[in-house]
Amino acid sequence: MIWLELGLVAFVIIGALFAATVRDLVGSIVTFAGLTLGVAIIWVLLAAPDVALIEAAVGAGVTSVLFMIALVKTSGSRSEQEASGSGVFRSVNLPALLIVGGLAIPLGYAFLSLDPVGASGAPAVSMEFDDGSQTPYGYYIEETVPETGFSNSVVAVLVVYRGLDTLGELIVAFSAAVSILIVLERSDIL
Amino acid sequence: MSPPNTDDSTASTAADPTSVHADRTPASTQGGVTESPVVKTASRTVTPFVVAFGIYLTLFGTSLPGGAFQGGVIIASAVTLIAMAFGFGPTQQWLSAPALAGLFVLGATIFGVVAFGAILYGGAVLELFVFPLSVEDMVKLVEVAIAALVTGVIIGLIIWLADGFGEGGESI
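Chains as they are written, first to last, in the working numbering: chain X, 5 to 194; chain B, 32 to 203.
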């Protein structure tokens, strides 16, 4: 099992490097979709199938199509390829690499300071605060299934307990669609 | 509803050498329409199953992995698949734009009515326990609303962005 996980992580990292450096932008988008599927399988292995579904549908599906539309709408793959020389990979931009590396250091530090997956003392699953009162997480873990009768407590938390957050997400999505219509001057729909 | 018939638009796009996109898209995807019958047949066959899976994720999210966001995006991805296979322009004509906008307005309306209707039953905003229906039924209603909104928004984003500016925008 550990070999499957290590293989997936290697696939994702190599895919990310390839997507960042390959000269053909269509190839970059396809690689990005593929590595996102790898990330989705990692979510399944981490026992988060809800997140895996979102990752596969949005990350690999919709985002790739939006990237493809943006590519066709702007430069197109061929002219960009001819303008910037030949070879499979593009030359690495050193300042960009330094900035990304500088961002990777605090992210890596944060990652190493995380509790192990499923650790009982992790903040996300701790049942009580230091003063003995129950945390919201503890309430969700213990009370969601008996109180609502759902066996998938993710949806119960999203809709029943955190409905206001979901309402906010929907307002963001709604605003995005309306903004698109305004920016594109689609007065026939609005 | 059946997928759009693209024979006419394919012919007109291919026969028009002055098309803006003719010089910057590969010939095989000219006008956004793939010429491959394999792609068209495969997307025609797969689409009903994808839509069914999306509805299943939406309605059974309370008891199985899934949920309205996932289901909505997957239903939208089925329409995107049709658009990729048959061209964004024909799909845009096939889908009624006011109906698409109505889909996400409907979703937002249902969610808003449920959210603030709880006040009428003496609860707080979004308190689903106060309705006469069971919590599971209320959550399924909210899930359908979320799925309708997400489906409409995602399809709209892709179809309208691909179509471009104005009412007679140049489609991919």
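I should point out that these hints are in silico values taken from the structure, not numbers from a laboratory. From a predicted model like this one, the values you see are computed outputs, not experimental measurements. Misleading hints may appear alongside valid ones.
[Claimed, not checked] Residues on chain X that point at chain B, a partial pick, calculated with CB under 10 angstroms:
no., residue
1, 32
2, 127
3, 159
[Unchecked claim] The following residues of chain B were derived to be distant from chain X, with all beta-carbon distances above 10 angstroms:
no., residue
4, 75
5, 80
6, 82
7, 88
8, 105
9, 124
10, 125
11, 139
12, 144
13, 146
14, 148
15, 164
We put the CB at the ideal spot given by N, CA and C, even for glycine.
Structure-based check of each hint:
no.: 1; hint: 32; result: violated (16 angstroms)
no.: 2; hint: 127; result: violated (24 angstroms)
no.: 3; hint: 159; result: holds (4 angstroms)
no.: 4; hint: 75; result: holds (18 angstroms)
no.: 5; hint: 80; result: holds (15 angstroms)
no.: 6; hint: 82; result: holds (13 angstroms)
no.: 7; hint: 88; result: violated (7 angstroms)
no.: 8; hint: 105; result: violated (5 angstroms)
no.: 9; hint: 124; result: holds (13 angstroms)
no.: 10; hint: 125; result: holds (15 angstroms)
no.: 11; hint: 139; result: violated (5 angstroms)
no.: 12; hint: 144; result: holds (12 angstroms)
no.: 13; hint: 146; result: violated (6 angstroms)
no.: 14; hint: 148; result: holds (13 angstroms)
no.: 15; hint: 164; result: holds (13 angstroms)
Checked against the numbered hints given earlier, the structure breaks hints 1, 2, 7, 8, 11 and 13 and satisfies all the rest.
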